[in-house]
Amino acid sequence: MIPELGHLALWLALGVSLVLGTMPMVGAARGRLDWTALARPSARVLFALVALSFVCLAASFAGNDFSVLYVASNSNRLLPLHYRITAVWGGHEGSILLWLLMLTFWTAAVAQFSRHLPDAMSARILAVMGWLSFGFLLFVLTTSNPFDRLFPAAAEGRDLNPLLQDPGMVIHPPMLYMGYVGLSVAFSFAVAALIGGNLDASWARWARPWTTAAWFFLTIGIALGSGWAYYELGWGGWWFWDPVENASFMPWLVATALIHSLAVTEKRGSFKSWTVLLAILAFSLSLLGTFLVRSGVLSSVHAFATDPKRGLFILAFLVIVIGASLALYAWRAPSVGLGARFSLVSRETMLLGNNVLLVVACGAVLLGTLYPLALDALNLGKISVGPPYFDTVFVPLLTPLVFLMGIGPLARWKEAELPDLAKRLKWAAGSAVVATIVAIWVHGGIGIVGALGLLMAFWIVASVTTDLVERLQPPAGTRVALLQRARLIPRAMVGMMIAHLGVAAFILGVTLVKSGEVERDVKMEIGDTTEIGDYVFTFRGVREVPGPNYRAAQGTIEVSEGGRAVATLHPQKRIYTATQAAMTEADIDTGLTRDLYVSLGEPVANGAWIVRVYYKPFVDWIWGGCLIMGLGGVLAATDRRYRQRAKKTVRTDALGAVLGTT
Amino acid sequence: MRRRSRLLVLLAALSLVASVFAKEAVPEASDPALEARMVRITSELRCLVCQNQTIADSHADLAVDLRRQVREQLTAGRSDAEIIDYMTARYGDFVLYRPPFKGTTLLLWLGPAAMLGGGLLVLAVVLRRRSRLSPDAFEADDDDLVSPSPARDVGHA
Amino acid sequence: MKRLGFLIPLGAFLALAIVLAVGLNRDPREVPSPLIGKPAPSFSLTRLDDPQTSIALADLRGKVWMLNVWASWCVACRDEHPLLVAFSKKGLLPIYGLNYKDQRDDGSAWLMRMGNPYQASLFDNEGRVGIDFGVYGVPETFIIDKTGTIRMKHIGPLTPEVIATEIEPLLKKLNA
Chain D
1 MIPELGHLAL WLALGVSLVL GTMPMVGAAR GRLDWTALAR PSARVLFALV
51 ALSFVCLAAS FAGNDFSVLY VASNSNRLLP LHYRITAVWG GHEGSILLWL
101 LMLTFWTAAV AQFSRHLPDA MSARILAVMG WLSFGFLLFV LTTSNPFDRL
151 FPAAAEGRDL NPLLQDPGMV IHPPMLYMGY VGLSVAFSFA VAALIGGNLD
201 ASWARWARPW TTAAWFFLTI GIALGSGWAY YELGWGGWWF WDPVENASFM
251 PWLVATALIH SLAVTEKRGS FKSWTVLLAI LAFSLSLLGT FLVRSGVLSS
301 VHAFATDPKR GLFILAFLVI VIGASLALYA WRAPSVGLGA RFSLVSRETM
351 LLGNNVLLVV ACGAVLLGTL YPLALDALNL GKISVGPPYF DTVFVPLLTP
401 LVFLMGIGPL ARWKEAELPD LAKRLKWAAG SAVVATIVAI WVHGGIGIVG
451 ALGLLMAFWI VASVTTDLVE RLQPPAGTRV ALLQRARLIP RAMVGMMIAH
501 LGVAAFILGV TLVKSGEVER DVKMEIGDTT EIGDYVFTFR GVREVPGPNY
551 RAAQGTIEVS EGGRAVATLH PQKRIYTATQ AAMTEADIDT GLTRDLYVSL
601 GEPVANGAWI VRVYYKPFVD WIWGGCLIMG LGGVLAATDR RYRQRAKKTV
651 RTDALGAVLG TT
Chain H
663 MRRRSRLLVL LAALSLVASV FAKEAVPEAS DPALEARMVR ITSELRCLVC
713 QNQTIADSHA DLAVDLRRQV REQLTAGRSD AEIIDYMTAR YGDFVLYRPP
763 FKGTTLLLWL GPAAMLGGGL LVLAVVLRRR SRLSPDAFEA DDDDLVSPSP
813 ARDVGHA
Chain Y
820 MKRLGFLIPL GAFLALAIVL AVGLNRDPRE VPSPLIGKPA PSFSLTRLDD
870 PQTSIALADL RGKVWMLNVW ASWCVACRDE HPLLVAFSKK GLLPIYGLNY
920 KDQRDDGSAW LMRMGNPYQA SLFDNEGRVG IDFGVYGVPE TFIIDKTGTI
970 RMKHIGPLTP EVIATEIEPL LKKLNA
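As they're listed, the protein sequences go chains D, H and Y.
Anchor point for the first sequence: position 3 equals 3 in the working numbering, and the numbering is continuous, going up by one each time.
Start counting at 1 in the second sequence, then tack on 662, and there's your number in the working numbering.
Start counting at 1 in the third sequence, then tack on 819, and there's your number in the working numbering.
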C-alpha cells in the first residue's frame, strides 16, 4: 500500500511539474497574472508530493518491506535502522529520488524567498525549475522506479554494500546533492533572465546568495566524500581523480568561478553574458556528472549499476536541457549590455583572470576524464588517465590563481595601479617568502613542489592579513575605534577572507602530507614494534568481536611517543553476515598536526599479521580547510545586503561610500 | 570458522608468552629504496579487474600476481622503464595511469596549456576591444553618480 | 561575427554529446590486447593430466590452434564449455586449454564432469603464462596461427555468433 502511495505521488508530481513548467511561463509572456500566480503554490505542492514519495520509500526500508525490489536489493533485516534509512539512497533508483527531493526542495525554497523579485521573473525561474523536475520525474517513472514490486517477496534482503554502512553515507550524498541541485537555481535564474530579456545588475544580486549556498553544500559534500574515502578505504588516500570524483569537482570549479563573476556583475554590471554562461555551465556540469555516474561509460568504484536505456534517457535529457539553454544563450546574449567600464588593471580584470584559470582548470579535468572515452569512440585505442596526469596539469594552473587571490581583494574597482598594489603587498610577499624559508628549515627539506605549496599558503595568509589591516585603518583625518571599524566590514568581506584562509589551510595540508607522509607495511607478531619518527607502534594481537550485522577480527595496536602512551588503535577486518563480504576498517588517531593510521592486512603464520601503518602530517588540515571555506561561504551568503527588505536611501549610500563599505 | 576461533584462542594464550620475545617488526620489504620504487611503479599501474584502482591498493588476485611480478623484476635489477614496457607489452597502454606521450595523446597532454593560452588570449582581445569602445557603449556607473570617495575605495565584494 | 562567437558553447556541447552517445555502446573496462599480430609468448608447462609431460610453444608450430583459458572456479566457463565441447567435435583445429590459477585435482575433476574438448590442458598454477598472454579474466580464447603469431583474442565466454562470424572465417583464411 505504502509503495503504491509513493508511486502515485510521483505521477501526481509529474502532472504538477508540467503545470509549473508551462502556465507561469506563458503567463509571464502574456501578462496573465492568474497564471503566473500558479507558480508558488505549484512549487510547494510539487515538493510536498515528492517528499511524500520519499517518506514512503523510507518507510518501506524501515519496515523491511522486501516485496519492493529496490528495498530487497539494498537492505537487510540485520541492518541497523539508521543505515536502513540511509540505504534509501544506496542505489540508483533511490538516489535519483533523493535528487528529486532536493530539486523540489530548492524549488519550494525559491518560491518562498523570491517575493522581492518581480512576479514575471520569479514565475519564469520557477517554471524552469519545474521543467527540470518534469524531466527527472519522467526519468524515474519510465526507467528507474524505486517502487517496483518483487513477486514473490524476498524473505531476506541482499544488504547494503558494507562500504556504505558508515556515517559518511548518511551525510555525504545529501550534502553533495544539495550542492549539485542547488546550482539549478543559478541556472534557472540565468535562463529566466535570458527568456525575459531583463538582465541587469539586480539579477546578479538576487542570484548570488543562492549560488553561494549551493557552492557551500558542494564544498562540504566533496570534502565529506574525500574524508570518508580516507578513513574508509584503508589505503590513506583522499583523492584519486576518479571519474565520479571529477564529476563533482568540475561543477565546483565553475561554481567558484561563478560566485566571483557574480561579484563583478553585481557591483559593476559588467560581463553579464559571461556570468549567465557560467551559470548555465555550472548546472550543465552537474547534469553531465549525473550522466557519467549512471550511464556506464566510465569505470569507477562509485558508478551505479547501469542500464544502457537509462544512459540514453539521461543523455537525451542533457541534450535537451543544455542544448536549449545554450541555444537561448546564443540567441539572446549578444543583445545584453556591456555594463560599466573598467581599465586593464582593476579588480574586475583580476576576477576575470580568476575565471579564466578556474574554467581552464575545469576544462583540463574534463579533458582528462573524457579523453579515454573519446579515443575509444574514435577507435584510436584505449588508454587510462589517472592521478599522474591530473596532478601534473592541475598544479601549474592553481599557482597563478593563488597569486591572484592575494592581489584581487586589494585592487580597486574600475581602476587600480600596479605600483600602488606592489607597494601595499610588499610586506605580504616578503613575509611569505621568509615564512617559507623558515618552515623548510624547521621541516628539513621539502622539495620544489612542496616549497611552492608552502609559499602559496603563506602568500594567502599574508595578503588576507594585509587586506584586513588596511580595512581596520581609520580613514584619513578621522578617529574611529578599532572595534567599530571591524564591525563595519561587511559580512560578505569577512566571508571572503575566511574562505580564502580556508584555501590556505587546504594547500598547507596537502603540501605537508604529500611531502611528509610515511607508509609502512610490516609483518608483526604479538609484541613486535615498529617506529615512525618518535612514534612507537606495538602490536598486541587480534581477537574476534561481534558487530550488529558482522563479525570482526579486531587488532589492538598501542602507540606511544617518547615512552608516553598516545593512543590505542583497533583496526578491524569484518565479515558481514548477509553477504559474507569482507571489509577492512582502519583506525585513526586524529590530531591537529598529524594522523596515526593503522589497518590490518592479512594474517600470516603463528598469529602474526601484516599491518599497515601510516604517519600523515597535517592531513586533517585538508578537510579543515574545506570547512573553513564553507564557513566563509555561509557568511557571504547571509550578508545583510541580501536579507534587507527596505531599499537603501541615497544618504546611506553616500555615508557608506565615505566609510568605504558600500 | 571453528579453526579460526581456535587460532585466536591460541593467539591469546601465546600473547602472554610472546611478549617476552617482542622485537622490531620485520618490514615486508627488505630494501627501502626498492620498496620506494615498488610503491611508485605499482601506484601508476591499473588493476584490470577492479573498478578504477591501482595494483598497489587492490586485493584482487590479478593485482597480487602483478605486484609479485613487479617485485621479482625489481629484485632482478630491471629498470622502471623496462617494467612499464613489460606491462604495456601484455596489457596495452590501458594499464598505465600516466598516459604515454604519443600521437594520439598529444591533445591530452598539450590541451590544458593550449586552453590556458587560448583563454588568456581571448581575455586580452576582449579587454582591448572594450577599451577601444566609446564611453556611450557602457552603462552608467554608480560611482559616477556619487562624489568620488577618499583615498581608498576598497568597495565590497 | 560577434554573434557567431556566442554559438561556440552550443557547438562544443553538441560535439561532446556525440562523443558520449558513441561511448554508451562501449565497455570502459574491456582491455584490448596489444598482442594481436605479435608472436605468442613462449612457454613450457606441464600437462594437467600428466605432471611428467610438458608442452612448449615450439611444439605447436606448424598448425593453427586455439588456446582457451579456463578454471574450475570460473562461473562463466560453465556457460561456455558445452559450446566448446560441441565445437571441438567439428575438428576444425586443435584446442588447448590453459588451466589458470587452479589446482590439479579440481581442474581434472571439472573436466571429467563437464567434458573435455582439449587436446591437452596446460597447468598454469601461478598464472605466469596467463600474464604473458595478457590474460586478466577468465574465460578468454586465443587463436594462434602456424607461425606462432596470435591472430585473435576473445574476452569472455564464446558464443555461437562469435564462432560463426569471427572464428570460422578466420580459420579459413589461416588454413588457406
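No lab work stands behind these hints, which were simulated from the structure alone.
Treat each hint with caution, since some may be false.
Unchecked claim - The calculated label-pair distances, taken between Cβ atoms and stated as ranges, are:
1) D/Thr-399 <-> Y/Arg-923: 45 to 53 Å
2) D/Asp-521 <-> Y/Asp-868: 37 to 45 Å
3) Y/Leu-989 <-> D/Leu-81: 30 to 38 Å
Stated by the list, open to error - Quick look at which bits of chain D chain H covers, simulated, 3 or more residues with Cβ under 8 Å:
4) 110 to 122
5) 185 to 196
6) 294 to 302
7) 344 to 354
8) 375 to 381
9) 519 to 529
Quick caveat: nothing in here was measured; it's all calculated off a predicted structure.
Glycine included, each C-beta is placed from N, C-alpha and C at the ideal position.
Subject >> Range hint 37 to 45 Å (beta carbons of D/Asp-521 and Y/Asp-868) holds or violated >> reply: 40 Å, holds
Original post:
Has the region 375 to 381 of chain D got at least three residues whose CB is nearer than 8 Å to a CB belonging to chain H?
Top reply: n = 3 at 8 Å, threshold three: holds.
**OP:** Could you tell me whether the CB distance from Y/Leu-989 to D/Leu-81 stays inside 30 to 38 Å?
**Re:** Given range 30 to 38 Å: violated, Cβ gap about 58 Å.
Subject >> Check of the region 519 to 529 of chain D against chain H for coverage (Cβ-Cβ below 8 Å, three residues minimum) >> reply: Contact hint for the region 519 to 529 of chain D vs chain H: holds, 11 residues under 8 Å.
Original post:
Counting residues of the region 110 to 122 of chain D with a beta carbon closer than 8 Å to any beta carbon of chain H, are there 3 or more?
Top reply: Since three or more residues must qualify, the claim that chain H covers the region 110 to 122 of chain D is violated, with 0 doing so at under 8 Å.
Original post:
Taking a Cβ-to-Cβ distance below 8 Å as contact, does the region 344 to 354 of chain D have at least three residues touching chain H?
Top reply: holds (count 5)
Subject >> Within 8 Å of chain H's CB atoms, at least three CB atoms from the region 294 to 302 of chain D: coverage verdict >> reply: holds (count 3)
**OP:** Count the residues of the region 185 to 196 of chain D whose CB lies closer than 8 Å to any CB of chain H, then report whether that count reaches three.
**Re:** This one is violated; 0 residues, fewer than the three required, reach chain H with a Cβ under 8 Å.
Subject >> CB-CB spacing for Y/Arg-923 and D/Thr-399 relative to the 45 to 53 Å hint >> reply: 59 Å, violated
Going down the numbered hints, you'll see the structure goes against 1, 3, 4, 5, while the others check out.
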